[in-house]
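Engineer: Going by the working numbering, the first residue of the sequence shown is number 1464, and it counts up by one from there.
Hints listed in this document are in silico derivations from the structure and should not be mistaken for laboratory results. Nothing here was measured: the structure is a model prediction, and the numbers come from that model. Warning: the hint list may mix true and false statements.
[Said to hold, decoys possible] Pair by pair, the computed Cβ-Cβ distance ranges are:
(1) P1733 x G1527: 18 to 28 Å
(2) L1647 x P1733: 40 to 50 Å
(3) A1658 x P1548: 19 to 29 Å
(4) Q1541 x T1645: 49 to 59 Å
[Claimed, not checked] Taking lysine to aspartate or glutamate and the DMTMM-like style, the derived pairs with C-alpha atoms no more than 20 Å apart in a straight line are:
(5) K1697 x D1707
(6) K1697 x E1580
(7) K1697 x E1729
(8) K1697 x D1719
(9) K1664 x E1748
All C-beta atoms, glycine included, are put in the ideal place defined by N, C-alpha and C.
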Amino acid sequence: MRTRLQRITLLISRLAMVGLLSLIPLLLAASITKDGTVVIAPVGVIGPDGSICQQMAVVIEPDGTIAAVIPADQADPQLSTFAAPSGAVLTPGLHDLLGSLGASGSLKAGTVLIDEELAAADAFDPTDPDLDRAAIHGVLYTTIAAIPSGVLNGTTATFICQSSIEATSVATGKPFFALSGTVLNSSREPTSRSAMVSIWKGWLNSDDSTPRTPGILYCPDAIDLRQTLSLGWKSLPVLVHSGDARSPVGRLAGRDAMMVVGPFLEGGDPAVVSTAIRAARTGTELAFKGLLGRGPADQLRGSAAIAVAAGLDGDAARRALFSNPARVAGCRGVGVIEPGARADLVLFSSDPLDPGARVLQVWIGGARMRSQAPDHIRQLEGTR
């Protein structure tokens, strides 16, 4: 039989264990460390063009920026080195583009058709714990926007996925436009498509002081894209388009176009995927739309895998995952691994286009998260 002292000791140890277990999610999400100047090597590195350069080394400065990207055999052996396992690939952070990650609620334009004052940043909650959970899975940026119910719906906002008292913004925001059925309203103009197109033409051709920055244009359906291309833009905005076989994506050839596509889901509409592939074949650059907050944590990579299976080039798919979302959002120094960029990095066990690749390590601004990501990937799934 246990003595009274033994029973008390056992009880204390059990309570301590319960306390430690309750802290594990917090440790996974927020336990990060600064290591000074660090070399990650040898590792495959995704270049700005989406290709993978093997046997490379990435040098991270103490200020959280990338100092150099060099062949692994040229790295200074005196520096602290994080040894990557064989076959590992280092990427920029994934980007939840135009999803709802970190949004505290819907931001909606009211009765003002051209609302320059609306700011998506006002709806961002930097304390949202889903930001840390997303980072564990390699999603390090989130870009949010207002519901596209007007012609101009304020500006987008892009933040680092790290829960804190103050948000870390990595972009000034882009104008968020819409030419779609979401703009039509029976209680105010425009109430018809012809009236909406007329408003657009009048606004684009007016000489008032309203900014004409191309920005991002929500035009999800085939008719939306057809009417968009009829407006005679001097410089095309980024097009947020799903479409189908009727979408006139062939008219984008030679126009230096960028299109936000997806999200693509297993069992989803194949016409949406084929529209994106047709657009890519015209030279249009793609960026995958986010779904976090409403879908599984691996949704972005899932979109890429589905697109590649449908015929998208692998380099183009990696650009659509990493560098192009940053371009869409107007970010500087993110989405690429190059000197001077933020050291927001994800180490995958293999090519991130491989659905079986796992997140091994994450760095946010040069700070390394101490724990590996969990093997399961559905902890973010749910409905807001």
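Engineer: Can you confirm whether the C-alpha distance between K1697 and E1580 stays at or below 20 Å?
Structural biologist: Measuring from Cα to Cα gives roughly 24 Å; hence the hint is violated.
Engineer: Check the hint pairing K1664 with E1748 against an upper bound of 20 Å on the C-alpha distance.
Structural biologist: 26 Å, violated
Engineer: Under the criterion that the straight-line Cα-Cα distance not exceed 20 Å, is the pair K1697, D1707 satisfied?
Structural biologist: Violated - the C-alpha atoms of D1707 and K1697 are around 26 Å apart, more than 20 Å.
Engineer: Mind checking the hinted window 40 to 50 Å against the Cβ distance between L1647 and P1733?
Structural biologist: Violated, at about 28 Å.
Engineer: Is the hinted pair K1697 and D1719 satisfied, with a Cα-Cα distance of at most 20 Å?
Structural biologist: 12 Å, holds
Engineer: Honestly, do A1658 and P1548 meet the 19 to 29 Å range at C-beta?
Structural biologist: 60 Å, violated
Engineer: Given a hint of 18 to 28 Å, does the C-beta separation of P1733 and G1527 actually sit inside it?
Structural biologist: Cβ of P1733 to Cβ of G1527: about 42 Å, so the range 18 to 28 Å is violated.
Engineer: The hint says 49 to 59 Å between Q1541 and T1645; measuring C-beta to C-beta, is that right?
Structural biologist: 58 Å, holds
Engineer: Please verify whether K1697 and E1729 have alpha carbons no more than 20 Å apart.
Structural biologist: 38 Å, violated
Violated hints for the displayed structure, listed by number in ascending order: 1, 2, 3, 5, 6, 7 and 9.
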